[in-house]
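Make a model of the complete structure from these sequences and hints.
Quick mapping for you: the protein sequence lines, in order, are chains S and W.
The first sequence lines up with residues 4 to 280 when you count with my numbering.
The second sequence lines up with residues 8 to 327 when you count with my numbering.
Please keep in mind that the hints were generated in silico from the structure rather than gathered at the bench.
These figures come from a predicted structure and were not determined experimentally.
For every residue, glycine included, the Cβ atom is placed at its ideal position computed from N, Cα and C.
A few of these clues could be false.
Covered, in the sense of this in silico footprint (three residues per stretch, anywhere, with C-beta under 8 Å from a C-beta of chain W), are these stretches of chain S [to be verified]: (1) 96 to 102; (2) 178 to 192.
Residues on chain W that point at chain S, a partial pick, calculated with CB under 7 Å [stated by the list, open to error]: (3) T202; (4) G223; (5) T302; (6) I309.
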Amino acid sequence: MATVPVRLRPGRLLVWLVVAFDLLVLLWLVLSSFKSAGEIFAGPFGLPADWRLDNWARAWEVSEFGPAILRTVVVVAATALGTVVVAAPAAYALSRLTTRTSGPLTTFFAMGLGVPIQAIMLPLFVAMSQLGLVNSLGGLIIVYVATSIPFAVFFLTAFFRSLPGDLEEAAALDGAGPLRTFWQIMLPLARSGLVTLVILNVIGHWSEGLLSLIFLQDPAQQTLPLALLNFMTRVQYSGADWGGLFAAIAIVILPLLLVYLWLGRRIIEGMTLGSGK
Amino acid sequence: MEGQRLMATATVEAPAAVRPAAQPGSPLTRARRRLYLPFVLPALAVYLLVFIVPSLFTVVLSFAKWAGAGPIEWVGLANYRRLWYDEVFHSSLVNTLLILVGVGFLTFLFSFGLTMVLREMAGRKFARAVIFFPNAVSALAISILWGFLFQADGLVNALLRLAGVDTVPRWLADDNLFYVICLGLVWVNTGFYTTILMAAVDRIPAYLYEAADLEGASSWQKFRNVTLPLMWDAVAVSATLWAISAIKIFEFIYVFAGAAGSVPTTKAWTLSLYAYAEAFQPTGEARYGASAAATMVTLVLIVVLTLLTRRVTRRESLEY
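Okay, structure coming up:
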């Protein structure tokens, strides 16, 4: 018998152990979502004796995921759109229409990256409740757009700055006004940056917890993360419907997992942007 | 969510002047200048009104007694004095520092280790994608899952029993809960920072390692003398990023509450949990002043740590 060509070094073993752990957790989640509570604990990695699709149906019904997902989709879409509409022109102006204030202003926007949510939640909550914007999706969207701005401006400024200037000059020579240059030349050029920003924004807000807890206190208005939290509570009080809980977690995670499988490289690059030079 | 992705201010520098499309003073330049304000103002207005003004108001609130309505009563440093004597605040502060230092140390230790191994490994893209995945899906759902792993009959104990351990710890007891949370944070964040460091390592030219191989360098020597110096910028940014995001962690801990609308055991609180609970705890009176004061402590901590990390990690950038 030939000798094994590759030695299994302890380091590699460690990497694969971590990888295996992550995959096992995922597998365990999916398998458990089809099992009865007893089965989940008896044999964590056995196949379900009978596949209980009713876990999923029950999780969907009891948690009221349907309307919650609908609300979340509205919030997430409006937030992403609002963020791009507000941040893209600003980032363009800061990076391309340089004036004396653009440098300090860029830094000023970036400072927001270090400000934690806690620092704004109290005054904002009081102000919003006086405007009648608590327990309203519109209010939450405004807050989300505002808290997205530091990162969005930071991200898009860097992106616009990396675009070549030649096309802008060419457009100007051909008689296009500055507004038209932005709309018809620069925005399309920046499309991949905008798309990455939207993806990150959507993923982030799909399961955002702190602000939604504060601004949507009415159960009738709850978004997906709140519905999941409420369902978790109900499961713990009402006799351990663990299968249902796993199904609920799967319902929240799987769409994101699919997006990750589809756009993985882009998501990773976007999330870790700024770490390079 | 913000905490994870938001990039460190360390990476932000004033923009290098972009070559103007025409000479200053030309009609074109003036037309472009006219666009500047209308483009910047909406973002600036939203940012100021919903972000900066509330933050400043929180500073004011930290010196006042207020329950969200009615007159604001000035109390000077009373809120801060209260924090000084509040044992729950002490443990929240200690926990925050534990996450910052302890979880941070383990996370970077593992990240360096994984980066060192991943660099010269087959299947690294796949491994990296899997290790990163907890960051790309819902933090909330991931932490519920994490808690579930440690249930009395959960997966971890099942594995321990298989390994022959009969007396399994009560992971989710009040005294242990925080450590379970810390382990989970190490798990999730190792994936994140490994990815950042890997991206830097990927840019290091292969011939440097070939040269090192010819000299007979060991894995450790290659890491110490080639990888580490050349990825130092990424390390510096990661450290700043960690300092900022670690202090903001909220959802991962909140999920371990017994019920919706309540908060977990005070033994697992951090500064962000403390600030939330003081203001929005459903039982008891809202103590906005104490919450604001705790937030001020958080902000000061963030500023100090950012400056400190930048100072400690400052090195001359190496060209290659």
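Okay, the hints, checked on the actual structure:
Only residues whose beta carbon comes within less than 8 Å of a beta carbon in chain W count, and the region 96 to 102 of chain S has 7; three or more means the coverage holds. With 4 residues having a Cβ less than 8 Å from any Cβ of chain W, the region 178 to 192 of chain S passes the three-residue criterion, so the hint holds. Here the hint on T202/W is kept, as its CB sits about 5 Å from the closest CB of chain S, short of 7 Å. A hinted interface residue such as G223/W counts as satisfied when its beta carbon comes closer than 7 Å to some beta carbon of chain S; here the least separation is about 17 Å, so the hint is violated.
The beta carbon of T302/W is positioned within 7 Å of a beta carbon in chain S (closest approach about 4 Å), and the interface hint is therefore held. Look at I309/W: its Cβ gets to within about 5 Å of chain S, closer than 7 Å, so that hint holds up.
Checked against the numbered hints above, the structure breaks only hint 4 and satisfies the rest.
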